Structure formats: structure tokens, C-alpha cells
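Visitor: If you want the building blocks of each chain, they are given just below.
Protein chains: 4
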Amino acid sequence: VAADDEENASVGFASDLGRTIAFSDGVFAIAITLLVLSIDVPDGFARKELGEFVRDEWPQFFAYFLSFAVIGRFWVSHHAQFAMLRVIDPRLVVINLVYLAFVCLIPYPTNLLGGFNESSVSVALYALVVGVASLLALVMIRYTRRHDLLVPVAAARAAASERALIVPPIVFLGSIPFAFVIPSQTPFIWLLLAVDGRFRRS
Amino acid sequence: VAADDEENASVGFASDLGRTIAFSDGVFAIAITLLVLSIDVPDGFARKELGEFVRDEWPQFFAYFLSFAVIGRFWVSHHAQFAMLRVIDPRLVVINLVYLAFVCLIPYPTNLLGGFNESSVSVALYALVVGVASLLALVMIRYTRRHDLLVPVAAARAAASERALIVPPIVFLGSIPFAFVIPSQTPFIWLLLAVDGRFRRS
Amino acid sequence: VAADDEENASVGFASDLGRTIAFSDGVFAIAITLLVLSIDVPDGFARKELGEFVRDEWPQFFAYFLSFAVIGRFWVSHHAQFAMLRVIDPRLVVINLVYLAFVCLIPYPTNLLGGFNESSVSVALYALVVGVASLLALVMIRYTRRHDLLVPVAAARAAASERALIVPPIVFLGSIPFAFVIPSQTPFIWLLLAVDGRFRRS
Amino acid sequence: VAADDEENASVGFASDLGRTIAFSDGVFAIAITLLVLSIDVPDGFARKELGEFVRDEWPQFFAYFLSFAVIGRFWVSHHAQFAMLRVIDPRLVVINLVYLAFVCLIPYPTNLLGGFNESSVSVALYALVVGVASLLALVMIRYTRRHDLLVPVAAARAAASERALIVPPIVFLGSIPFAFVIPSQTPFIWLLLAVDGRFRRS
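Chains as they are written, first to last, in my numbering: chain W, 1 to 202; chain S, 203 to 404; chain B, 405 to 606; chain C, 607 to 808.
It should be emphasised that the hints constitute simulated quantities derived from the structure, not laboratory data.
Please read all numbers here as calculations on a predicted model, not as lab measurements.
Please note that the accuracy of each hint is not assured.
Taking lysine to aspartate or glutamate pairs in the DMTMM-like style, the calculated list, with each CA pair at most 20 Å apart, reads [to be verified]:
#1 B:Lys452 / S:Asp350
#2 S:Lys250 / W:Glu118
#3 C:Lys654 / B:Glu522
#4 W:Lys48 / C:Glu724
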């Protein structure tokens, strides 16, 4: 019976890794494409001059490109992590879904940040959602290392990834208090990540 | 002529299983990602404090995460079911489309539930849509078992899946009367599923 | 040089069929999932009773399920057509894109039909968009038959498909005049297709 | 250690090309399908006659089909470019993401163009976004040629592609000044591309 169970389980989980990767890729692709819906057509657009339009709308374009970079970076990182997997287990499927729930939520704080870039709540919520998503990315790499789900040759690389993935949650979650003091300047703290070479190379 | 027909049919249905899985995965990925659009930017957001924002918006975040969990669970379950298939027939393609029509509808009651969490109609509609979708998942596993579409080694596992999949439609459809008496409390009935170990392991 | 060109061309078009199918599947999956956005939350929802809600909203649910069936049917049919292809040429890529432009447009008349089911313009536009899409499906099967793009064993089946695919454009485009006389009843003309066995089996 | 690093790197990048193509295809498919959301239901629709509806709405349908053709053309071109790749490097992944950020933005100026087709800002923004995206397509083909990422037999074809891809950024970016003088006529300048045979064949 045990052997049978083993066999049955292997039937179901043979293609799990591939299907989870495909599903995650789909979710990333959709979340990144939905960002455009967060840019509103301004009231009274028909009478606006170019200068006025740019002055009113730049926070929305800034939020769009920022979130595109954030989700794009998450995708590249997820991609690298899952390429090192030998196999996936049901618990990792769940952690990955929770992680994706936060990635998919990003268009909402993007919308708030683009429309209300001087509001503490917008900035703090953005930092919280991206911070939790990056924390879950760290949790996933730890989990795969501890539960021996990686291909053997990837060990050194996974250790380096884990070290690099500690930085983003610290930056985003650590920026939350600043959102309540200097909301307009807080996004510049996040941009520090772009100059962190170790993170960039991960 | 019959042999010819047989051959022609096999041309068309060789890649059917793969394409149906890919299409279904795409639909799940899109439906789950569209959930974020159900969270509205509140009126007068610019003047809101954090406490006020959280107090006003928590039903929307609750509805978002609930539906993310529901669609995620449907995906994992669909995934396991279709991994056991040996072949697909045209009728299963149709049942699967009807099932997907209800899965894709979930963002609508999610929107109502997030915005009007004390309305009986919101809660009842949510329970109805999710209940019908889970009923159709049960119909699919029954159909594949009766029409010999499964790989032989999966027989025991499919029987266990079918038993486990009886629970969700009972919980959701059975909660509809409660929606008209205790609408705000009805979602807690649904959360019982999360503690049902047999269902969780399926 | 000619041999070189030949070779270069084959480099680019080796994976074209697969990528076109994947792209088309993605477009079908997204278009079908976007339909849910056409269902509006009614004004004054919070104060509505179930009966009132159903009475006001049923045309929206009808339009949703109708379009889900229409796009689902288009997908099954596209699926069967492309499974018979041996190779794809650049012109078929273009025809397929024009066809997809009409499939992707379906959520718009669905929205109009759900909100204004007694308007002649809604009904006529719906019939026009679906009619043109089904006409283009017919054009595609003709094109693949005439330009020898099919696998040889599929010849009889493709001929049968072409005959069956003549029916939907006639029904939809032919119903347009009725939209200006009996708009509310015109959708029932479309449902005739569901009872046409030859079409159903195609 | 160097050999180890080499090996580790190859683990992560073995499936990179395939996953990048799949991700890009997903983004194209979603962006093209979201275009339909840019067509608004007109105010007072219920009382409109067909003639009035067509007169009010044709700019929206024009913008929809124009952008469908633009994104479709980008997809065919991206498709041909990536089919010539032997391998992908991390920098190309980044350039491709920046390119996709502009492709995904297209629904926004489409919305403006459809709603305000006589506004200079709409027309200029449309030309800018499409122009930058086509410039980035040119940058990508240059990059792949200079960094030896192509399959050897594709050399002549890639050179021809690069020459053809110079035209669209010139047309779109060059049309921006016209947007401020003759906004309503500027889209006709873009249509010149459709008659440029060399570009069409690329």
C-alpha cells in the first residue's frame, strides 16, 4: 500500500514544478501588465497643455515605472530561484501562492502612490506590500535550501542568493517609519537598492 | 472510412490535454490577478489617517485574500486532477469550460463582498458562485473516473480526491441560508474548510 | 544566396506555429476572463433585496455566460483548426491577428448588451463583432486548405470543419436586421446554433 | 571555483531564453487584450441611434484597431528576433523588460487617443510611447548582433532586420512636432509604415 501511495503521489507531482513555474510566470506577466490601469485619465484633460499634463501626471508615470521595475525584478529573481529547483513539494506550492498574493496586490498601492504621492498611508502601504513580498522570496529560498529541493550543483549559488535577498525586505520594511515623517522622500530610500551591486548581481 | 475518421480524430486530440491544461492555467492566473481590481481607492483618501484607512478598507483586503486562497486552492486541485488524466474527451472540455466560467466569475462577488460585507446578497452570491464551482470540480473528477480517462496507477488517489471534494460544495452551498440571517458571520463558516485536514491533504 | 535565405527563413519560422498557438491561447484566456469586468456593481446595491438584485442584474449575467460560451466555442474551434496545421505562413499570422482583434473586442459589446439589453445598437454591435470573428474563422480554414498548410491526414476533417463553420457567420450577421425590429428577442436567434448538431460536433 | 561558478551559472540560465520568450509572449497577449478596456460606454447610450453612436465612437474603435495592429506588429517582430537567439544574457533580460514597460504602457495613450483625438497631448504621447518602444526594439537587435547572441545562420537576416527596424522610431518620434500643429492628421503619418514594403517584410 505504501509503495502504491508513493507511486500515486509521483503521478500527481511529476509535472508540478513546470506547472507552478508556468502559473507563476503568468501571474507575474498579468500583474505587470495591469499596472497601466493604475494611470488615470486626468479630469479636464481635453483643455490641458503639455506642461500642465506632465506636471499633474508625473507621479503616476513614476509609480508605473517603479512598480514595473519592482515586479520585473521579482520575476527575474523568482526565475533564478526556481531554475535551481530539483523538485517542488506541496508546502512550497503554498508559500509560493502567498508570495504571489502580495505580488498581485502591488497594482493597488501603485494606484494610491501615483494618485496621492504625498500621503503617508500610500507610501507606507507600498513599502509594506513590497516588503512582505520580498520577505516571502527570502523565506522561499531558505525553505528550498533546508528541505533539499535544489539541484546539487546550485548549492553555492543558492547560498549567495539567500544572502542577497536579505537586503530588500530590510530596505522596504525599514522605510515604513520614514513614510510617516517624510512621505515624499521615502521612495528615494527604495532606489538605494538599485545601486547595491551585490543585490543587483544576485 | 471508420479507420480514417479514427485517425483524423487523433490528429486533433493529440495535444488537447496539454492545450486544455495550459488554457485553464492561464484562466486561473488571470482570474487570481484580476482580484486586485476589486479593491477600490476610497473616497477622500487624501485626508485619511492610517487608522481610518484600515478601519474602512479591511473588508476589501479580507475579500481579496479570501478569494486569492479560494482560486489558489481551485488551481492546486485542478492541477492534481488533470495530472492524473491519461486523455481528455470533448465533453470534459465542455464541463471544464463551465467550471472555468464560475471560477472567472469570482472577482465579481469578491467585489461585492469587499464593498458590502454586511449585505445578505453579497454573501449569498459569493457562497453560490464558489459553491457551484466546487460542485463542478466534483462533477469533473466523477466524470473522469466513470469514463476511464485516468492513468491506471491514479485510481486510488482519484477515489480519495472525489471523497475530499464532496466537502466544499456542502460547506458553501449549505451556508447560503445563513447569509440571510447572519451575513457578517457567514464567511467564518467557510473558514472551517481550512481546518478540515482531509480536504487540506487532497 | 537563395539557399541561404531559405535557411534563414526556416530559422525564424521553426517555432512559429507553437508560438502562435501559445499567443492565441493566451489571448483567448484573457479575453474570456475579462468578461467579468463587464458586470457592474449596481447603484444602491447596499439597500437591495435579493429579488430586486436578480431582476436588475440578470441581463448582465446572461451576457456574461453567453459571451463565455461564445469565446469558449471560438477557442475549441481554433484549437481544432490549429491542431491540423503542418506549418504556418506569415499571412496566416496576420489573418489570425485580425481574427483575434475581433475576439478581444467581444467584452465591449458584452458590456453594452448586459447594461442595455433592449437597445438595438447593443444587440446589432454584438451580432456584428461575433459575426465578423466567426467569418474570419471561416476565412482561416479556407486559407489553410488552399495553401496546403495542413497535415495530409486532416484533409477530410478540415473539409467538414469548413462546411460547419459557414453556419455561425450566417446566423450572427443575418440577425443584425432583427436587432432593429425585435432587439430583446434577437439573442434567442443566436441560441439556435446551440441546437445545430452538425455545428456542435465540428 | 571558476569552473563551479560557470556550472552554477549554466544551471540558472539553461531555460532563461525559453522563460523570457514565454513571459514576453504573455505580456504581449495581455497588453493587446487590455486594449478593449480603453473603449468607454458612452454617456446616454440608451437613447442613442446607430448613426449617432458610430459618429461619437469611431475614434475609440480607430484607436483600438490601431493599437492592436501596433502591438501585434511588435509581437511578430519580437518573435522573429528572439527566434534567432542562441542564448540570452542578463543585460538583454533587462533591456527586454524596459522594452516591455513601454509596450505595456500603450493602452494608456490608446485610451487618451480614443477619447481626445484632437488633443495634441494625446497624439504626442501616443507617438512618444510607440516611438520609444520601437527604438528599444532596434537597440535589442543591435545588442544581440554585437554580443554574439545569435545563431550563426541568422546573421544576414538579423542585419536586414536591423536595417528595417530603423524606420518605425523615425516615423513615430519624427511625428511628434506635427502633433502640436495638425493633431488630427498626425495618425495618417503613422499609417505610412503600413505601405513601406521593406518594413512589412522584415
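Visitor: Which hints, by number, does the structure contradict?
Guide: Checked against the structure, the only hint that fails is number 1, while the rest are satisfied.
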